[in-house]
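These protein sequences, in sequence, are chains P and F.
Just so we're aligned: 555 in the numbering used here is position 17 of the first sequence, and the numbers increase by one with no gaps anywhere.
Just so we're aligned: 18 in the numbering used here is position 16 of the second sequence, and the numbers increase by one with no gaps anywhere.
If you are wondering where the hints come from, they were derived from the structure by calculation, not from laboratory data.
Keep in mind that a hint or two might mislead.
[What the hints assert, rightly or not] In silico DSS-like links for lysine-lysine, alpha-carbon gap of 30 Å or less: (1) P/Lys775 to P/Lys820; (2) P/Lys854 to P/Lys820; (3) P/Lys854 to P/Lys733; (4) P/Lys877 to F/Lys59; (5) P/Lys820 to F/Lys59.
Fair warning: this is a prediction, and the values are worked out from it, not measured in the lab.
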Amino acid sequence: MEEIFYEDILDTFLFCFIAAAGIIQIMAARRGWHGLSPYGGRVRRGINYPLGAALVVAAYAWYFSDPLHRNVRNIEAFMSLVCLVLGIAAAGAVTVLLASASEALRRRLGRDKDGRGEGAGALMERIELPGGAALISTAWGERGENLVVLAEPGRGSENLMRSIYTALPPGHGMLCVHHRPGFDDLETQGPDAVKMDVTGLLAQVERERGLILREETFMGLGWGGNALDVLAPELEKDRAPRRLLKVAPVVPDCELGFVGDALLSDTPLDMLTTLARQRPWKDADFGRIIRIWLPVLAACVVLATGVTVGFDVRWKLFSGPLTGLLLSLWVTYFLVRRKGDKAAEGRETRLVSRLCGPAPGDGITPLTIVFTSEDTEAMATLPAREGPAYVPERLELWEDVLRGKFILEKGTPGRLATLIWEAKSGA
Amino acid sequence: MCWLLDLDYTLFTWINGLAGKNAFLDGAMKVFCNDHLVPFTLGFMLVVMALHGRNRKQDRDNLGAVLRVFISIAVASAVLQLAVTLLHRPRPFIDHEVNLLFYYPTDWSFPSNPATATFTFFFSALFSDRRFGWWFLPPALLMSFARIYCGVHYPGDVLAGVLIAAGSAYLVHRVDFLSRPLIAVVNSVESRLRSSLSVRE
């Protein structure tokens with residue numbers, strides 16, 4: 539028996555795409571994945587639920603209103619599956635693009651509105667250093683009236699620093715050290731290497747600018763907050779800081795073994811730029827896996843395509859290479875495992891193991907830790923951190939404030955300024 | 003063997019005999035019999051399944067479950083193709099007088115394609131997630147019943163599809179090494195992306 543098909547691939551793909559986009563919007567709102575907000579800022583259930591539901595209903599209504607899609611022989615099962623998978627993938631991709639683009643636009647408009655664009659840029663000077671970069675305010679205060687920040691690298695972090703500086707009271711200086719590999723790579727570099735790098739960066743700025751960075755307030759932001767754990771003894775010995783502030787340090791979920799969820803607060807573009815900075819392709823394990831995979835891929839694609847062409851399988855030049863790709867991943871996995879590769883253990887597992895380790899000792903410098911709202915649940919899973927670093931007197935919880943792109947919301951620059959100012963006057 | 007075919011036909015006549023007596027029921031069965039409605043709905047339910055967790059641990063389990071569904075479908079399709087190649091059973095309307103509420107499918111009747119596909123969704127989802135998996139059952143049941151009601155499948159075709167689906171899903175879940183590599187790749191990408199936390203503008 540021979541089937542006759544009236545293929546209607548584009549309509550079916552569009553149907554899957556629209557319905558999947560709607561479902562993704564509903565689920566993003568339900569999970570609070572603000573990074574996937576298609577209109578920038580936070581996802582709002584009041585918008586996302588009706589929007590998602592409307593997309594799903596519209597997709598079904600449009601597709602099944604066509605008599606061609608009701609009890610008429612149409613596209614075959616395999617093509618339906620392809621349309622479904624590609625439609626869902628396209629919906630995910632468009633959500634990612636839309637979320638990233640709208641947030642980039644929101645940031646640009648926000649900068650212009652707050653005058654943080656060119657004006658704020660002139661207030662801080664960027665210095666390129668070996669192993670990192672520094673932003674230093676053109677004005678520098680008396681000793682003890684300045685803020686030294688250990689910040690993440692990248693333009694997004696530098697823009698954040700400029701915004702924070704504009705929110706601080708006048709008459710104070712601010713130096714931001716952006717360690718290029720990033721403090722999230724502590725596990726790979728080792729704490730000693732990070733100590734040396736940061737000490738070197740600070741010493742270089744001191745030499746170039748004729749500054750003495752002693753008795754100032756030292757703040758670690760994000761991963762920089764975690765780096766302060768490592769650097770605090772060195773800073774206390776050499777620089778006698780007035781106060782240490784850890785703002786939004788990364789709190790791992792020690793029970794489940796995760797360091798956090800970037801979808802809560804970062805756009806996919808943010809995540810990709812962070813990933814690009816980490817350069818996972820430079821890992822020795824990655825290179826080794828690729829060297830094993832490439833010949834396996836070539837062999838599997840040739841073999842699978844040979845079979846699909848030989849047996850004249852429908853869509854042979856698509857299904858052959860695709861099958862070859864899947865087969866190559868499968869074979870490579872077992873080849874890599876057989877050679878005893880530990881890459882599967884992963885960077886995140888190693889990070890969690892370090893961050894859930896013993897609490898740092900109690901230093902002599904007053905310390906304040908600021909947690910954002912998403913860290914509260916994870917904080918409860920820190921069994922090893924009952925020690926001095928997390929005593930309630932030192933904790934400040936910024937409720938409703940999220941890390942990532944939301945750190946400047948809900949009046950946090952002002953709160954930060956108050957915190958630093960109080961830190962100074964209290965010291 | 004003959005008595006089995008007789009029993010199958012008797013069951014078919016009971017179910018298909020209901021067609022044409024109630025316009026509302028006929029309309030509803032035509033809707034569920036549709037080639038696209040139930041399979042695509044089950045596909046969208048997979049998206050919900052992948053994203054409905056409460057934390058990253060559950061997300062990983064759910065992503066693994068969705069991958070296993072697709073691998074189960076691949077295995078079930080292979081078994082189905084084999085069965086179709088070996089056994090050629092004509093559609094009910096070829097050999098008998100039936101109440102046909104559907105177009106004339108021109109492929110072989112045994113085993114039922116839609117029953118295999120929809121029940122593979124169900125069994126695979128159920129083996130991974132005992133709670134969420136049950137949501138896949140009503141659409142699968144309705145579609146399979148509607149195919150008999152509308153006169154395009156015998157109950158035996160549906161039963162064979164269900165057995166192929168259950169066997170394939172069980173195999174994929176039992177023989178872990180079939181799905182482990184793909185799940186490891188997906189978990190690795192998930193870990194890299196979702197642990198890329200940053201504090202930025």
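Check: Against which earlier hints does the structure fall short, listed by number upward?
Finding: Hints 1, 2 and 3 not satisfied by this model.
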